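Since the structure of chain A is already known, use the hints to place chain B on it.
The listed protein sequences derive, respectively, from chains A and B.
Reminder that position 348 of the first sequence reads as 348 in my numbering, one-by-one numbering, no gaps.
Reminder that position 87 of the second sequence reads as 87 in my numbering, one-by-one numbering, no gaps.
Treat the hints as calculated values from the structure; they're not laboratory data.
It is possible that some hints are incorrect.
Unchecked claim - Label pairs and their calculated CB-CB ranges:
1. A/Pro152 / B/Ala43: 30 to 38 Å
2. A/Lys210 / B/Ile12: 26 to 34 Å
3. B/Ala43 / A/Lys291: 42 to 50 Å
4. B/Ile12 / A/Arg12: 41 to 49 Å
5. B/Val3 / A/Glu37: 25 to 33 Å
6. B/Val3 / A/His270: 41 to 49 Å
7. A/Pro182 / B/Thr58: 47 to 55 Å
What the hints assert, rightly or not - In silico DMTMM-like cross-links for lysine to aspartate or glutamate, where the CA-CA straight-line distance does not exceed 25 Å:
8. B/Lys20 / A/Asp151
9. B/Lys75 / A/Glu37
10. A/Lys101 / B/Glu66
11. B/Lys62 / A/Glu37
12. B/Lys62 / A/Asp72
13. B/Lys59 / A/Asp189
14. A/Lys15 / B/Glu66
15. B/Lys62 / A/Asp59
16. B/Lys62 / A/Asp13
17. A/Lys101 / A/Glu37
18. B/Lys62 / A/Asp24
19. A/Lys143 / A/Glu128
20. A/Lys290 / A/Glu269
21. B/Lys75 / A/Asp39
22. B/Lys20 / A/Glu208
23. B/Lys59 / A/Asp59
24. B/Lys59 / A/Glu77
25. A/Lys291 / A/Glu208
26. B/Lys62 / A/Asp39
27. B/Lys62 / A/Glu77
28. B/Lys59 / A/Asp39
29. B/Lys59 / A/Glu128
To be verified - Sample of chain B residues with no beta-carbon within 12 Å of chain A, all distances over it, derived:
30. Val3
31. Ile12
32. Ser40
33. Ala43
34. Gln50
35. Val53
36. Leu68
37. Tyr71
Quick caveat: nothing in here was measured; it's all calculated off a predicted structure.
Cβ coordinates follow ideal geometry from the N, Cα and C atoms, glycine included.
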Amino acid sequence: MTRQALRLGYHRDPKHFPHISVFDGEMRRRTWFMITEFDSLTAFQLGLPANLHTDDEWDTAHPRSLHDFDFDESTIELPANRSELDPTLIQFFTAKANIMKVQKKLLHQQFTSRSISYDNDVLRLDAELEHVHNNTPEALKFKSMSQSFSDPGWLVMYRYTCNVVYLKAICVLHRNYITAVPRRQYSIDRCAQAGMQVLTHQETIYNESKPGGQLSRDLWFSKSLHLSNCLLAAVILCQVILLTNEEECNADTRTEIIRLLRTTLDITEHMKEESREAARFNSALELILKKVEPSRASDETSQATATNSAPAQSRPAAPTLIANGTPSVRSEFDGLFNGSDDINWVSQLLRCRYFR
Amino acid sequence: MPVLWIAQLFSIFSISTVLKDTTGAFNGKSKHWSDEILQSRGAFTTAAAQCLVLADYTKPQKFLIEALFLYCQSKGMASFDPAGEVS
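Next comes chain B alone, as it looks inside the complex:
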């Protein structure tokens, strides 16, 4: 399985964690569980970054652009303050 495909998957996990939190899907569950889920968001983004480094993102290869793009998005959505990015 190409490493960059896994990088995309991690970024998607990270983004969907943020989205689930924003839409309030965690309301009603125990606070402890929702905190854990939120912390995992950072772990997913880090894992995606590690995959990108492992696959050497400076070399052109399949899935590279998609993986990089999704990583940027997951970083941008990490906080309520996007670092001057996409609309």
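This is chain A alone, in the form it adopts within the complex:
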């Protein structure tokens, strides 16, 4: 799709071409925008380099922050951007894109073969990420559920999504330094905080999506919980607990992390009948918790077997995965707990979905 878009000239701003009308030009900007986001997102998800590299190769401007009724085919000149306090859909995508720009840089850094300096490269990117996060438009800055009482469901979900993208970027940026020598306390703290926040967000969204919650009428948005984000967070937190010592990660943080992992396990228990991804994530979480809390391991295994047998009878497709899920997940996880450096472990875990 990216190649086709390049052939069709979407990567050049329409203002260079007088024969493209204002309406068409804005539509082309929006389409190109979606393509760059899609490209960046899939690269991040799959752990592979992106198709579109630097920003120097294309000059299409961001689409203006306008509602759909602000312009149409007969518009001669595009109206200016709406104010920051007026949340349009485009504003959400622009805010996300700014974070993803930095995310692309850090992804590029993960793939590069040159050596990375902690102070120059990692901390500089960290500062850039903070700067972009602090400059998020007011309407999209993260607010807790109690502060978002009068806001529509989609706006709340967009705020959470923006926040989760930022937190994911922190996790990936600092992940390699949890076990680095010399120890980088800043990275360990950042990873722990970011991971815990992702799982807290998931807990909040899940609770609010139940009947009676604030998000129960916008089920589509809240159902896209993006378990892959939570899996990333859960594994990072697991590494933080297992691979750091007492002074780097104190007991309170550890207790909170374990509580969050348990809550996420409960959530995936409820979801696993509907979704293979959730079932797989569930097996993975059980393994993680077993490693993290070996004393409770025997109780959990017996409970897990009991709950697994019931859904297996009702859905013929599911047992193959659930029956085979635990051993294959276990083998993939073995390398993880030793602090291996390969970024592709997230994509490997999620790759089973392609075997349909």
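Structure of chain B alone, referenced to chain A:
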């Protein structure tokens, strides 16, 4: 009417079927009717794919990118397990 425009329309039908189902708009209607609607979701996606093939999606033309993008989205939303895609 350009074929790719029709492809977009089919993808939009497919996506809106999924959305209607998720928001519970079918509750209260007869079960038979809602099953039929859900099955049509797959048929719409297939129809969109057929339009794309008919219009030869490897050649650059108007509406191509939008049609491809909407098709990807409708495939991604087809089940609760997106194949590692957009957020």
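Outcome of the hint check:
{"no.": "1", "hint": "A/Pro152 / B/Ala43: 30 to 38 Å", "result": "holds, 32 Å"}
{"no.": "2", "hint": "A/Lys210 / B/Ile12: 26 to 34 Å", "result": "holds, 30 Å"}
{"no.": "3", "hint": "B/Ala43 / A/Lys291: 42 to 50 Å", "result": "holds, 46 Å"}
{"no.": "4", "hint": "B/Ile12 / A/Arg12: 41 to 49 Å", "result": "violated, 28 Å"}
{"no.": "5", "hint": "B/Val3 / A/Glu37: 25 to 33 Å", "result": "holds, 27 Å"}
{"no.": "6", "hint": "B/Val3 / A/His270: 41 to 49 Å", "result": "holds, 43 Å"}
{"no.": "7", "hint": "A/Pro182 / B/Thr58: 47 to 55 Å", "result": "holds, 53 Å"}
{"no.": "8", "hint": "B/Lys20 / A/Asp151", "result": "holds, 22 Å"}
{"no.": "9", "hint": "B/Lys75 / A/Glu37", "result": "holds, 18 Å"}
{"no.": "10", "hint": "A/Lys101 / B/Glu66", "result": "holds, 23 Å"}
{"no.": "11", "hint": "B/Lys62 / A/Glu37", "result": "holds, 21 Å"}
{"no.": "12", "hint": "B/Lys62 / A/Asp72", "result": "holds, 19 Å"}
{"no.": "13", "hint": "B/Lys59 / A/Asp189", "result": "violated, 50 Å"}
{"no.": "14", "hint": "A/Lys15 / B/Glu66", "result": "holds, 20 Å"}
{"no.": "15", "hint": "B/Lys62 / A/Asp59", "result": "holds, 21 Å"}
{"no.": "16", "hint": "B/Lys62 / A/Asp13", "result": "holds, 17 Å"}
{"no.": "17", "hint": "A/Lys101 / A/Glu37", "result": "holds, 9 Å"}
{"no.": "18", "hint": "B/Lys62 / A/Asp24", "result": "holds, 11 Å"}
{"no.": "19", "hint": "A/Lys143 / A/Glu128", "result": "holds, 22 Å"}
{"no.": "20", "hint": "A/Lys290 / A/Glu269", "result": "holds, 16 Å"}
{"no.": "21", "hint": "B/Lys75 / A/Asp39", "result": "holds, 17 Å"}
{"no.": "22", "hint": "B/Lys20 / A/Glu208", "result": "holds, 20 Å"}
{"no.": "23", "hint": "B/Lys59 / A/Asp59", "result": "holds, 24 Å"}
{"no.": "24", "hint": "B/Lys59 / A/Glu77", "result": "violated, 32 Å"}
{"no.": "25", "hint": "A/Lys291 / A/Glu208", "result": "violated, 30 Å"}
{"no.": "26", "hint": "B/Lys62 / A/Asp39", "result": "holds, 21 Å"}
{"no.": "27", "hint": "B/Lys62 / A/Glu77", "result": "holds, 23 Å"}
{"no.": "28", "hint": "B/Lys59 / A/Asp39", "result": "holds, 20 Å"}
{"no.": "29", "hint": "B/Lys59 / A/Glu128", "result": "violated, 40 Å"}
{"no.": "30", "hint": "Val3", "result": "holds, 16 Å"}
{"no.": "31", "hint": "Ile12", "result": "holds, 15 Å"}
{"no.": "32", "hint": "Ser40", "result": "holds, 18 Å"}
{"no.": "33", "hint": "Ala43", "result": "holds, 19 Å"}
{"no.": "34", "hint": "Gln50", "result": "holds, 18 Å"}
{"no.": "35", "hint": "Val53", "result": "holds, 15 Å"}
{"no.": "36", "hint": "Leu68", "result": "violated, 5 Å"}
{"no.": "37", "hint": "Tyr71", "result": "violated, 10 Å"}
Hints 4, 13, 24, 25, 29, 36, 37 from the earlier list are contradicted by this structure; the remaining hints agree with it.
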